[in-house]
Amino acid sequence: AQTVTQSQPEMSVQEAETVTLSCTYDTSENNYYLFWYKQPPSRQMILVIRQEAYKQQNATENRFSVNFQKAAKSFSLKISDSQLGDTAMYFCAFMKPYGGSQGNLIFGKGTKLSVKP
Amino acid sequence: GAVVSQHPSWVICKSGTSVKIECRSLDFQATTMFWYRQFPKQSLMLMATSNEGSKATYEQGVEKDKFLINHASLTLSTLTVTSAHPEDSSFYICSARRQGSYNEQFFGPGTRLTVL
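Chains A and B, in that order, give the protein sequences.
Heads up: the first sequence at position 112 corresponds to 142 in this note's numbering, and the numbers run straight through without jumps.
Heads up: the second sequence at position 58 corresponds to 80 in this note's numbering, and the numbers run straight through without jumps.
None of these hints come from the bench; they were simulated from the model.
Yeah, the Cβ is synthetic: ideal placement off N, Cα and C, and Gly gets one too.
Warning: the hint list may mix true and false statements.
[Claimed, not checked] Straight-line alpha carbon distances no greater than 27 Å define the calculated DSS-like cross-link-like pairs of lysine-lysine that follow:
1. Lys-126(A) <-> Lys-42(B)
2. Lys-88(B) <-> Lys-139(A)
3. Lys-63(B) <-> Lys-142(A)
4. Lys-126(A) <-> Lys-63(B)
[To be verified] Computed footprint of chain A on chain B; a stretch qualifies when at least three of its residues, placed anywhere within it, have a C-beta under 8 Å from a C-beta of chain A:
5. 30 to 38
6. 92 to 104
7. 108 to 118
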């Protein structure tokens, strides 16, 4: 069974600085999808970034980028120029490839990020 | 585009009553919808997967007779918590997968259920 581990329950960063959130996962699949979701105090889940395992290039979305290390099964999220609005719970998630499941997400336990002014 | 709504956003009910939560995809057709449960300060746990027109697939440990899921159309799935008890109090979140798009899910805003 797939597992997703986020080893940092809480982190804090000063506004405008950079922070990296860690995520490791365990799977025997060769192809799969990885995600970072943000859950602000409103509790609405928001997709931050997505990575397909067969793509070697790390995904980026504006201030958000990932460091995907397939061999190490590591998928960290880097937030540059942190903003107060980045304060939220961040969940790393795994999805099996098409045909391997119904496409449900397996979530890590989350990292609570606080951005301080 | 790709908006998912949930209704109600919060509900308080008495122990022993049943509560229905609706999940709607407002601007797309969703062949598959997922129901998650989230306890305070915890992660999302998948309860069940529902496919339009067929029976839901429940995760291990989730009572299908207690958490009734119906996915009667491509835009609506419902979760009914039957004979609710205080331990069912939680935050319930649905997500929907757009028809033709496997690796993309859109989440509803969640429903907070409190059972007295």
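Quick rundown of the hints versus the structure:
For the hint linking Lys-126(A) to Lys-42(B), the alpha-carbon distance of about 30 Å lies beyond 27 Å, and the restraint is violated. Pair hint Lys-88(B) plus Lys-139(A) holds up; C-alpha atoms about 26 Å apart against a cutoff of 27 Å. Of the pairs offered as hints, the one joining Lys-63(B) and Lys-142(A) holds, with about 9 Å between alpha carbons and a cut-off of 27 Å not exceeded. As the CA atoms of Lys-126(A) and Lys-63(B) are separated by approximately 26 Å, the hinted pair is consistent with the 27 Å bound.
For the region 30 to 38 of chain B, the stated coverage by chain A is violated: 0 residues have a C-beta nearer than 8 Å to a C-beta of that chain, whereas at least 3 were required. Using a Cβ-Cβ cut-off of 8 Å, 0 residues of the region 92 to 104 of chain B lie near chain A, which falls short of the minimum of three, so the contact claim is violated. Counting residues of the region 108 to 118 of chain B whose beta carbon lies closer than 8 Å to any beta carbon of chain A gives 3, which reaches the threshold of three, so the coverage claim holds.
Violated hints for the displayed structure, listed by number in ascending order: 1, 5, 6.
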